[in-house]
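Protein chains in written order, with this note's numbering: chain D, 1 to 337; chain A, 1 to 337; chain E, 1 to 337; chain Y, 1 to 337.
One or more hints might be untrue.
All copies of an identical chain are treated as equivalent in the list; a pair is satisfied when it fits inside any one copy or across any two copies.
[Stated by the list, open to error] In silico SDA-like links for lysine to any residue, alpha-carbon gap of 20 Å or less:
hint : residue 1 : residue 2
1    : K169      : G143
2    : K93       : T61
3    : K51       : P132
4    : K195      : G228
5    : K67       : I39
6    : K93       : Y245
7    : K169      : P132
8    : K93       : L35
9    : K107      : A73
10   : K51       : N301
Simulated from the structure, these hints should not be mistaken for laboratory data.
4 protein chains.
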Amino acid sequence: MIIVTKPDATKQQIEHIVDRIHEWGLRTEVSHGALRVVIGVIGPEESIREKPIAAIPGVETVTPVLKPYKLVAHEFRGTRSPVSIGGVSVGGKEIVIMSGPCSVESKEQIVSIAKDVKNAGARILRGGAFKPRTSPYSFQGLGVDGLKMLAEAREATGLPIITEIMDTKDLEVIEQYADCLQVGARNMQNFSLLKEVGRSKLPVMLKRGMSATIKDLLMSAEYILSEGNFNVLLCERGIRTFETYTRNTLDLNAVPVLKAETHLPVVVDPTHGIGLREHVTAMALASVAAGADAIMVEVHNSPELAKSDGEQALLPDELIDLATRVRAVAEAVGRAL
Amino acid sequence: MIIVTKPDATKQQIEHIVDRIHEWGLRTEVSHGALRVVIGVIGPEESIREKPIAAIPGVETVTPVLKPYKLVAHEFRGTRSPVSIGGVSVGGKEIVIMSGPCSVESKEQIVSIAKDVKNAGARILRGGAFKPRTSPYSFQGLGVDGLKMLAEAREATGLPIITEIMDTKDLEVIEQYADCLQVGARNMQNFSLLKEVGRSKLPVMLKRGMSATIKDLLMSAEYILSEGNFNVLLCERGIRTFETYTRNTLDLNAVPVLKAETHLPVVVDPTHGIGLREHVTAMALASVAAGADAIMVEVHNSPELAKSDGEQALLPDELIDLATRVRAVAEAVGRAL
Amino acid sequence: MIIVTKPDATKQQIEHIVDRIHEWGLRTEVSHGALRVVIGVIGPEESIREKPIAAIPGVETVTPVLKPYKLVAHEFRGTRSPVSIGGVSVGGKEIVIMSGPCSVESKEQIVSIAKDVKNAGARILRGGAFKPRTSPYSFQGLGVDGLKMLAEAREATGLPIITEIMDTKDLEVIEQYADCLQVGARNMQNFSLLKEVGRSKLPVMLKRGMSATIKDLLMSAEYILSEGNFNVLLCERGIRTFETYTRNTLDLNAVPVLKAETHLPVVVDPTHGIGLREHVTAMALASVAAGADAIMVEVHNSPELAKSDGEQALLPDELIDLATRVRAVAEAVGRAL
Amino acid sequence: MIIVTKPDATKQQIEHIVDRIHEWGLRTEVSHGALRVVIGVIGPEESIREKPIAAIPGVETVTPVLKPYKLVAHEFRGTRSPVSIGGVSVGGKEIVIMSGPCSVESKEQIVSIAKDVKNAGARILRGGAFKPRTSPYSFQGLGVDGLKMLAEAREATGLPIITEIMDTKDLEVIEQYADCLQVGARNMQNFSLLKEVGRSKLPVMLKRGMSATIKDLLMSAEYILSEGNFNVLLCERGIRTFETYTRNTLDLNAVPVLKAETHLPVVVDPTHGIGLREHVTAMALASVAAGADAIMVEVHNSPELAKSDGEQALLPDELIDLATRVRAVAEAVGRAL
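Start from the sequences and build out the full structure, keeping to the hints where you can.
In structure tokens, the structure reads:
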């Protein structure tokens, strides 16, 4: 940690800063510049990361030298950590397509779409039973009934299931039906929920919040790993910017950065990332070229009757086309589908 | 609702759009322009707001005419709705100062600071017992013990208490101690939590999320009111932008806009809004001039030893100065302190 | 254009709105809803686009039906418009790599790098002679001497040259040396400059501003076309968001959107888009997969001695590797290199 | 300057970094931590600020200790620097209101409005003759004729004039008529223009760009001062964020920050900052409470016929009301009007 003092910091203030650091059990190295004093802090930085050093009179800036996350850091493992979702490995050579409708609407709907997405080459089925909706008057999902329908769709197709958890008190029931938990963008910093899924046996896909930095995403993942659950996938799904033409701004920069910063697999959701059906495939291809390990794509067999997000869902035939093109790009970058 | 078709929409597509609207029980009025067809939808817009009209082939844009919120809308009440927090009314002529430390750290700390903030003129005591922290390794709050200490501080000073709720399962215990629930920025779209506090007897202060639009904030408040709890305060606390000099960008535009759009009281938190101790007072004054009904300010009697956010907390003397200056501005804009 | 009135708009106000529209020579169609009146405006929308209709008492919102750009719109041409830069066609089947240093630093440097980038497969040479620098104390470019060195590099390699113009008064001299003008992100809404380059015979590459929406970019391009210069390329180079890990947020969503909205070729600059040398190649691949027609990449033979942007420049060997991998992805998406 | 190395930096790499620093004439102080090496650079930081140190192999981060601006820094003067515009001092105890229409439309219009704004208490007249418009098809201003009309309005009222310059080649003619140059938000990083106005005898009001950080704004002001023109005013006019309810997000945090960072006067433009006529006054009051030295407000005597920005212009009577209320707040914060 490096502390820079204000130009008008007094000798007493500087001594007081140094004393505080020593009290906390670390050593210091003080350099006097022309205008400012630089105090290097030597010793285990994590032991004082939480101290309000910037509140000490005379301090101008405090710059940590080490990263604030440990378990998720690439150095912690040194290799990648593929995660198995119901037997399907995400994070290895093969790109995995996760697909399904935004919401489970009926048994017929989810079983039929599950067959479609399996046929297109998807290997994991997505579908929401508990739905986070901006409006209290919107369809809120079928809840436990929706989970049961997902299980029937798994029965019918063999596809493992990923579904969203929104409340700590739903963990037990979701664990009975799902193969992977999804924490949505709006709950990325719901720390109670992160701790709770950190105690689950199921893998967790953590979606990046709309205004979360890459570092915030890693810190939220650190919550889950720090509770003992190392089966975590990170999902880029678009951030909120000033651009209004698209639903979100898909930040594909995050893909190579996350692959370098962490050992966890990286998923991209181009459907929410752009929010315009006709451009989802282009962004799926770009995601794979950027290095994504998996892509999550919404599909519906009758978008104009969907209970949520119909305007961004692909038709089953469009998913077949997407998968064909994803395969070509995957092979071009040394991966497979 | 107004539907505009694509330039290349076919006659069949346009008929299909019109048929769908009629199926849903509304009427249409179709105008043929040179390039596009405009379909006006006549009838109760809320009945089709959730329909994925943009997913119907041939549709280019769908523009709602009505606002998506009802209970929070200014029209719903026609007058302002002051909220009483333990007997202190927020939203009337008097500006209310809410103050206290970021976290409750000990009985001595909270009782001592409570006396300080009361002495400065604050009328509500804030203090966190359950703390949402970016890092799992940071101080997470004293939990129920913290709530008990807050109650002792209330006993000692008479100040009602506002404290944060992070998890649906903590509602019962927090209700035993607090006078007002706070839903933090990171949980503004934790819809399970919004529903739960919507069933509480306590008032709720809802903080704007870091990437939440004004409309998003109102929709989240609508969740609480739609469950029956009308005692809701809205709090602007800064949004996330590209500016890094300040911790957040305090969006004071939101104050007059919210005062016009809703009947609910508007609170501003300049402490998080700028995040720099030396500039908190300037922003508190600006908040009151913009029309805020209350301001929430963090105070600590020993910032450099605080367990969280020490760098932005005012000293008790600085709060006295702030209150004096806030009073002058309040009177200049026809309010009082 | 569709005008929605306020809930409390009076009969007189509505009549006044309608009268104004008629005065301006258009017709209206008025629908009375339960709460609001909707006034459809019929006739040539562009004739009233600039009227301050929102300023008329009683008006709540004004929604245009047509897009504000004409010449750049896809419909205007119906097909793509490849642009020739010194004989190299951008916007056809072949992906074009534009490369070179951030700044021209000396004749030796630019000639040597020009040979390197040609060897790697780049077909257009970039290099700045007039440099827009955040600080007045930074290297500002070699000016006309830099232009002459670029011309010598072209002589030595046959590569056409693209270079930035910052001031209307430099057009004449730059036209003597360059094959393509570049308007930088910071000047994207320097409308005087846009008009000036609109009168040039040279093609123009227009970079997206840091806070420019896709629509803003198209409107700025419309300025150039409206002056008669149709040889315009659009360049996505990253927008400014809250993310600080990367220099900018490369908005690859803009690629498929621009390809659908306009007939102009689309270039992506992954170097500025991510700003981190080790991740430029991943983003170049993603750009091509998303549909880019060309990519612009900075290269330096001695980055740690570069006079600007050394930290994001690839080494010549890295460009060779990038080109090899770009070729594979280009072929996977039906293009070539 | 502080350099932190990568965890896997080799001994050779660290020696090479140190050698480079020494070559550039500065000294180093090297601290070996458990994981990383920290290299403190001792000596005049500005001499190596531009070196691409981050491009040297083994370097992870480079953190400057000093600020990149000198002439605009508060320390440079130690006191505030009021600027005189045609005899009206901005930056002293008195708050100055600058007002007028967005565009000069005719002699009658500008003279009439000039009288209105003078009557309301405004002391400087604004009005655009060269207009930066998003669309090439929008009214572009009356140019030199507009300047002449402004001069007639000055004649009629005695109010000094501020008007926008968009192109280096217009400086000479504008200098003949105006009392203060305005550089608009879209040209804040038009460095050619900044240098040109830096050589003018007239004061310059520099508006913050839509995506410019506070530091960017100061660096652009530094351009002007570094050419010799110290009569510079900084204007906050709203930044671009994800919020769409308002035209921009007025960043009032910038006011106390700028007052602390620089000696230059700070102006706020609430009209563009919120873009909604009914809320301009609230934001003007907030601006003054936050510490602004002047406010710039658009006024029109017939907004619905204005050639630009009618929807955000106040009526003359509304300006009178605004001035009355601004006076009260000014006095409450120890200023005057």
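Next on the checklist: For K51 and N301, with the copy left unspecified, which applies at a CA distance of at most 20 Å: within, between, both, or neither?
Outcome noted: between (54 Å within a copy, 15 Å between copies)
Next on the checklist: Within a copy, between copies, both or neither: which one fits K67 and I39 at a CA-CA cutoff of 20 Å?
Outcome noted: The answer is both: 19 Å in one copy and 18 Å across copies each meet 20 Å.
Item to check | Same-copy or cross-copy closeness of K107 to A73 [CA-CA at most 20 Å] | outcome: Neither: 41 Å inside a copy, 38 Å across copies.
Checklist entry - Using 20 Å as the alpha-carbon threshold, which applies to K93 and L35: within, between, both, or neither? => result For K93 and L35, neither the intra-copy (54 Å) nor the inter-copy (31 Å) Cα distance is at most 20 Å.
Item to check | 20 Å Cα threshold - placement of Y245 relative to K93 | outcome: neither (34 Å within a copy, 27 Å between copies)
Checklist entry - From the Cα coordinates, with 20 Å as the cut-off, is the pair K93 and T61 best called within, between, both, or neither? => result neither (44 Å within a copy, 32 Å between copies)
Next on the checklist: Within, between, both or neither: how does the pair K169, P132 come out at a Cα-Cα threshold of 20 Å?
Outcome noted: both (15 Å within a copy, 18 Å between copies)
Next on the checklist: When Cα atoms must be at most 20 Å apart, do K195 and G228 count as within-copy, between-copy, both, or neither?
Outcome noted: Classified as within; 9 Å inside a copy, 30 Å across copies.
Checklist entry - Are the CA atoms of K169 and G143 at most 20 Å apart within a copy, between copies, both, or neither? => result For K169 and G143, both the intra-copy (13 Å) and inter-copy (18 Å) Cα distances are at most 20 Å.
Next on the checklist: Cα distance capped at 20 Å. Does K51 pair with P132 within a copy, between copies, both, or neither?
Outcome noted: between (36 Å within a copy, 17 Å between copies)
Checked against the numbered hints given earlier, the structure breaks hints 2, 6, 8, 9 and satisfies all the rest.
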